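Participant: With the hints as your guide, set chain B onto chain A.
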Amino acid sequence: MLGGIALTLFCLWFSQNNHLLPVPASANAGAIDSLFNVMLTIALGLFVLVQGVLIYAGIRFRKRPGDDTDGPPIRGNIPLEVLWTSIPAVLVLGISLYSFEIYSEMGGLDPMASGGTLVAHNHGGAAIAATIDEDPATRDLQKRGAKDNTLAYGVGASRGGMSNADLDVDVMGLQYAWLFTYPDTGVLSGELHVPLDKTVQLNIKAQDVLHAFWIPQFRLKQDAIPGQQTSLRFKPVVTGRYPIVCAELCGAYHGAMRAEVVVDSPEDYDTWMASMVAAVDPADKLTLAAAAGDFTEANPQTMSDRNFLKPYSEEMGVNAKTLQGMSHLH
Amino acid sequence: MAQTQVRPLVEDELPQEPKGEWKKYFTFNTDHKVIGIQYLVTSFIFFLIGGALATGVRLELATPEVDFVSRELYNQLFTIHATVMIFLWIVPAGTGAFGNYLLPLLLGCNDMAFPRLNAIAFWMIPPGGVLLMSSFFINEGAAASGWTSYPPLSLMNGKSGELIWILSVLVLGTSSILGAINFLTTIIKMRTPGMKFNNMPLFCWAMFAASILILVSTPVLAGALILLSFDLLAGTSVFNPSGGGDPVVYQHMFWFYSHPAVYIMILPVFGTISEILPVHSRKPIFGYLAIAYSSLAISFLGLIVWAHHMFTSGTPAWLRMFFMIATMVIAVPTGIKVFSWLATIWGGKLRLNSAMLFAMGFVSMFVIGGLSGVMVASVPFDIHVHDTYFVVAHLHYVLFGGSVFGLYASIYHWFPKMTGRMINETWGRIHFVLTLVGFNLCFLPMHYLGLMGMPRRVAEYDPQFATINTICSIGSYILAVSTIPFLVNAVVCWRSGEKAPANPWDGLTLEWTLSSPPPEHNFPTPPVLKTGPYDYGVRERRGSKKRPISKLRASDILSN
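So the sequence lines, in the order shown, correspond to chains A and B.
In terms of our numbering, the first sequence opens at residue 350 and continues consecutively.
In terms of our numbering, the second sequence opens at residue 57 and continues consecutively.
No wet-lab data here; the hints were simulated from the structure.
All figures in this text were calculated on a predicted structure; none of them were measured in a lab.
The beta carbon of each residue, even a glycine, is placed where N, CA and C say it ideally should be.
Just so you know, nobody snuck in bad clues.
For the chain A half of the interface with chain B, some residues (derived, Cβ under 10 Å), not all of them:
{"id": "1", "residue": "A392"}
{"id": "2", "residue": "D416"}
{"id": "3", "residue": "P575"}
{"id": "4", "residue": "L598"}
Between beta-carbon pairs, the in silico distance windows are:
{"id": "5", "chain 1": "A", "residue 1": "L361", "chain 2": "B", "residue 2": "V584", "range": "51 to 57 Å"}
{"id": "6", "chain 1": "B", "residue 1": "L375", "chain 2": "A", "residue 2": "N426", "range": "35 to 41 Å"}
{"id": "7", "chain 1": "A", "residue 1": "I354", "chain 2": "B", "residue 2": "T119", "range": "43 to 49 Å"}
{"id": "8", "chain 1": "B", "residue 1": "S216", "chain 2": "A", "residue 2": "F363", "range": "49 to 55 Å"}
{"id": "9", "chain 1": "B", "residue 1": "V305", "chain 2": "A", "residue 2": "N426", "range": "43 to 49 Å"}
Bound conformation, chain B alone:
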């Protein structure tokens, strides 16, 4: 305690931002915080683009007839919508943005293990995204075989669009692999002395599990897509049945990545939720070890359930049964997390700000997706609802109700740290209510559509489903509008919001010991931990150092 080398915190000090500081976000910068924000802003722009595509889809589906776009364009819209949302929004935002921004801060190190590799990984995203969007402007149009791109259809639609799609996904997948190598190395090798695996923040555990999944499964997708491109360009028949190929093999390879991809998209968000709930509940996380190791369990099980996407395909009965049971088992570690989160907020002192509302909204919406997930895991039931709107509803409850709500919660929670400015809470709450209402109005009725017999990926449908589809479309418009208050709020507050103190939420993880935004090389010396990441309430009980929580200082968290 003799010499405190941690940067002393002066509450109203904002690091001097030299003029032209914004330019660094457009350069090959190796600072993990710059890269994290680059990822976040880029992926959010693609989220808006993907949202616009989705609105196009819903405009078409507002009526049973094909009237808004052509059938061909409709198929392109939902194909690129899904590709953008997965590969250019949730994956880069969850792993790329928050992984890069938070890991070194949470682990107490100065940067990622491989800063240059990190910058390369980011700079593959914009070209990959622009490439994908450019396919709308070529003669044949963009890829139109769904994001699953099943052959033989993907070999028979426009060649150029499909090829661009393959190239783009390969570039984005490579970026994801490079990121994962960096995350794993950083977590294993660069934790500050004294931080063991079993007391690192839960977000690090989640990123550890997600990175393993990326490393194991993404190369298989790359293999499938390269083989598909051979069929497409060179006329081979790996998957093409007209030459003796087997299209079902593609499905296995595709889902070997694409099911774990769901966990790649949700695990980092599980991690941020485990950070956000304790801070705003003022309670330690409930069942730290259970949450930490359930991430690993999900990661392992996530690798052996892929064929549940193929229950109605060429999958023999015994395999259908195996994948059904393996899939059902995932509900157990996921349930552990949900119940632990509920126990964390139970009895706390909940600060219902935008970050907390979105975090609680995440738990609430994700549970619906999880419950319908158990249903579709059951083979006899899935045979009925597979490839219907029930599945569309299920996957959006997981990926929007889950991942996107969680990403919004994370943005609100770390906005002060990232920008040095507070975000407006009133507009944040308006954003939350609009998102919650629009989302449920859009996706809840879809369960019924699927059960009653509406297949997915159709531009026209039975008129008996018209009313409910109109309701869904109205929900989607509300959802589209809900991004406006957020966008305006974020831009205005970033430029001229109230200056943020170092620790606006009184958090105990290491990023809150640094100024907002943190200095370029984070920690002048490796920080030495004095408290665990979730020791809320502990200090007061001990009776020593009784200080109002609002005056929490770096010296309460660190001892140097």
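If we strip away everything but chain A, and leave its shape as in the complex, we get:
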């Protein structure tokens, strides 16, 4: 009896103080961790119960030598069966509701995400046209107009134009790298920089095969699907460098397809952004922005061998030159 109480207390303590998850670095990570802790508490409790019964029965009820008799012919017990049907039912419904709450808190149930119609992403041309336009205001309008009737999947998914995030970043997954384009400045980077405490919306696409964009410290993952847009929204709350992992098998170098997200203080972010803008030659800006517009048409069949094979090279970092090469395809 005492042992049982001690075990229960240990389960409770362990599930609340486990160090089984990496640092929670996004605003919603804490809520997901709490959900995990609750599920772990329940799971550990049931685990201890089942293992306890098995081990206790194995010792206490083992056949004694010379005893050839049968056990008592007990065939069932309706109240007991009702109990062990209803308790798990209540538990899983509770976990479902709790998960529902957290998912909704994460923005997974954003009303803007529903009701849109799924259309093919053929607005690449509009994006190019928009970039040529010098006026940023018109550019944004046109771009958003083109995206407007597009339904994206994912957490915080919303129709492109309705994104009221502080920062939008276009993410492109390709064998075997992640590319990040900042539509507001046209900056293109192999490393994702985001400012602390700002809502960031990632619009994720894939160029060739399925990839999955995962930041374990943000507890967020979303597949990148060729021909469809998906999205993720988060607010980073702890500065630092975290891995971006590809979590969907994408070929031989799948395990090497990694990048980093850097959560900067707002000042550091501005400095980084300024340095990136300065680094981009004005002449390149057009082509780079165009490249960021839409990669989905760049399928392997229409790519030159050089460009198709480029990502396979041992060197994983994709530099601006490669991208320039790709952009000429459009």
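Facilitator: For chain B alone, kept in the frame of chain A given last:
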């Protein structure tokens, strides 16, 4: 009771095995018992092959760098490992081997409904398996897109390997469908007179539920794979996004089969566990009806949860919520089974032999997989752990801790019936301990790897995970070694073990009324039941016919 036509049991009589009897296992034999053993031995050979592939995977993962095999070969290894374990081991062993061997014996009939179809279904397995393995020897290598074979990647890796993979899975799937037709017909039409649905052994219920799943879902997989082959060979764009196809549609079709496949792999084992626990606990099964109908509930719910494999894919929010709740609900019928099993052993007289140890090990390990299953059903949590080692751990607790432990329990339990020889218990217990230790050492730490950020299907990984991966690899080596005592024990005892009596475990189901091994056409006349399949302890309480349980005879079970 006037004339007992049931074959009188002479304990030390072993049916005369004519010379060259073993040859029948290599022929197109229509005897369900021969086919069952053919299935079991063939699938076990593939289990060893799949295990060797897994050991290759773990050897690679013992260090963070790519050093043991090339990246390309690594992807082939885990792809074929999963395909072999699912389509050539657990499905044919669970449904094919035990379904075929046991159903007619448990139902009291002489053979399956369609014996020739049955033999055809079996003889599709070896060609399908050999075809799959042959793809390692072609230039481009075997399929390397995972057993899920998601396009567009599956359309871009080697064409021949992928095509062979598709063909092989189609052949094996067809075999499974043929088997299911046979099981369903046999259960519905061929029960011995007096055996109603509600007093047939629980294994029959489990096979009934599993066969429905096979029939409903396997054709959808076949459809998906045929469409995939069009994309692969004819350049169509059903799933290929570069021509306007939708790769997410493939995922829906694939998981419409492949989630129920989990239940196809676990339900027959649930069935055998419900047979084994009462016999060795000497108690009736607890909550017969609840266990029987929970199989049907699992079967139905299993068909409407497939998209929980796609929570991070192109699945809209409302659909994510629907599939989350449907998935969570499956925990209820599964929980009913687990608690009923625990109540069955509670207060019994447990004979802790190899079969019982593996059966209790099954309950113990499967529960871990079930609990982590509820966790990954939760959308917000699954978004974090999907496609990570957490899922690898979860699925192995279900399919190895569940299905394979259950299959081992079943092999130990019915070994005397199948071979006519007893299996060595000491070596069986050594096998159990090695399997339990190796399995947990290999897969328990993987939960942590996934939570901390290690994705699955990678040949190289962050060095911070090196120590734990080494531990997992050591566990996998123990697991590999654990098959050796079993293999030697089974082969030696099959050839020269102690001769088995008709009813070594004092079981009350019909197979124990026949000699070990049973005669070719099982029952000379349809057996008439005198007891239920789980009436342990009942006889003694009535006070009549008090006879030590060790002297249980066919006439205690049958009245003719």
